[in-house]
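Taking the hints into account, I'd like the entire structure generated from these sequences.
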Amino acid sequence: MIDYLFDFHGYGPSIFNGAIITIQVGLLSLLLALLLGLLGASAKLSKNPVAQGVATLYTTIIRGVPDLVLMMLIYYGGQVMINNFTDWLYEAFEIDIFFNINQFVAGVFAIGFIFGAYMSETFRGAFLAVDRGQIEAGVAYGMTRWQIFRRISFPQMMRHALPGLGNNWLVMLKTTALVSVIGLADMVRLATEASKAVHQPFKFFIPVVLVYLALTTVSEWLIKYLERRYSAGVISGQH
Amino acid sequence: MNYLEELLADNDIFTLTTMAEYWSGLVNTTQLVLLSLIIGLVLALPLALMRCSNKAYLSKPVYLFTYVFRGTPLIVQLYLIYYGSGFTFNDTWIWPAFEKAFYPALYAFVLNTAAYTTEILRGAIMATPRGEIEAAKAYGMSWWKRTLRIVLPSAFRRALPAYSNEVIFMLHASAVASTVTILDLTGAAYNIYSRYYAPFEAFIFVAFIYLCLTFMIIYIFKRIENRMLAHLSTSRP
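So the sequence lines, in the order shown, correspond to chains A and B. Sequential numbering from -3 applies to the first sequence in our numbering. Sequential numbering from 1019 applies to the second sequence in our numbering.
Derived from the structure by calculation, the hints contain no laboratory data. From a predicted model like this one, the values you see are computed outputs, not experimental measurements. There could be a bad hint or two in this list.
Simulated pairs of lysine-lysine, BS3-like, Cα-Cα distance not exceeding 27 Å [as the list claims (entries may be wrong)]:
no., chain 1, residue 1, chain 2, residue 2
1, A, K199, B, K1078
2, B, K1240, B, K1155
3, B, K1078, B, K1163
4, A, K199, B, K1073
5, B, K1073, B, K1163
6, B, K1155, B, K1073
7, A, K220, B, K1078
8, B, K1118, A, K192
Some but not every residue of chain A turned toward chain B, in silico, with C-beta under 10 Å [as the list claims (entries may be wrong)]:
no., residue
9, V65
10, I91
11, V177
Here a beta-carbon is modelled for each residue, glycine too, at the ideal position from N, C-alpha and C.
Structure, rendered in structure tokens:
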């Protein structure tokens, strides 16, 4: 019985590798999303109307379109754009190169780009929640804008941003499963292939479900820990 | 119709045939999303009441259900039900309920949205002011009467903003139905992309349709909120 349950017909190691790919895609796109989010929030809060307009267009469009459609647009569209570019290179300079767009890169870019929009909204609200007087005090001390950002706005903003950020990360972690659709060999795709080959879908999908649940649970602990850390010195009403 | 034909006359991709494909995709997406939202909401109401109960044998199983369905990707739930039913129930008496890809997709979506809606309703129910429940008890109302007259009407109002997000989320999540051979909007766009090798036309057009649907949902919920939450509005007539 035990032997039967844990007999993965040789697919065990590759599904484990798929789980590693899922985590890699998640962490790399988180990094990209955080960067784009900070950029988007700064643009939305800036006084420059062009930056404001671009950032608003970005967050509105991205949040109104399904992730999967955007991912297909970036993956398949990116390939066509690269092909056109290499064609142009060949015609203009007789440079003959050809390369395929990598599913991993396309997936990370798509997810990072999509969640950058959600992060922008989270960071925007959080920056607005920082007391104006704090920033004025920084200006009065003669700090540069970067110093004010690094020492005053950012640490206090993080406390307000963390709950929203944590939610975004949990949604994002689950969105990484969509990279299986554009052909990246993450654990969902490998489980699909394995269950088609062996005709035992539950055997391969239940471990995948368990890995996602474990990742979600660990993430929740980590978010709680970070929230406690960034709330140091804040006196709350209840305790 | 003539106008449409003229508009599409000198265009290779957006012909009447592809427009018809997009249209049937829109119909499929709408059917799938509306049906799963309605059934999901009907399931979520008793589940939320159970989840709020202080009896562990009522609240714990519901907690497990929402934990599993909110903690895993919808696409995995869909594959599990789609491939799982395909290999397990094939040619048994229950097979007609899984025969067309539409059904397993519907079950996955219903369970998923029921889990999220349960948690939304739970939050709204838990936020009922203590005094209101105490007043109801002082009037001698039974649990049923309290729930029906006092708790649920205000809980539904409180849940509206979060539920409108869930509806939009469901519309966007329904795109994964295209991965199990259902020709929804995304499936139609993919077919048109692969026929003409025109990713930008196919996907940007479908993105635009989704964007319009999203704005429509936002508008409808704004209208409902204005009506239902009029007592909270800050502007006076």
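Hints, one by one, checked against the model:
1. A:K199 to B:K1078: 26 Å, holds
2. B:K1240 to B:K1155: Cα-Cα ~34 Å, so violated.
3. B:K1078 to B:K1163: 25 Å, holds
4. A:K199 to B:K1073: This hinted pair is violated, its Cα atoms lying about 34 Å apart.
5. B:K1073 to B:K1163: 19 Å, holds
6. B:K1155 to B:K1073: With a Cα-Cα distance of about 19 Å, the restraint between K1155 (chain B) and K1073 (chain B) holds, given a limit of 27 Å.
7. A:K220 to B:K1078: Satisfied, since the Cα-Cα distance of roughly 22 Å is no more than 27 Å.
8. B:K1118 to A:K192: 18 Å, holds
9. V65: 5 Å, holds
10. I91: 24 Å, violated
11. V177: 5 Å, holds
Checked against the numbered hints above, the structure breaks hints 2, 4, 10 and satisfies the rest.
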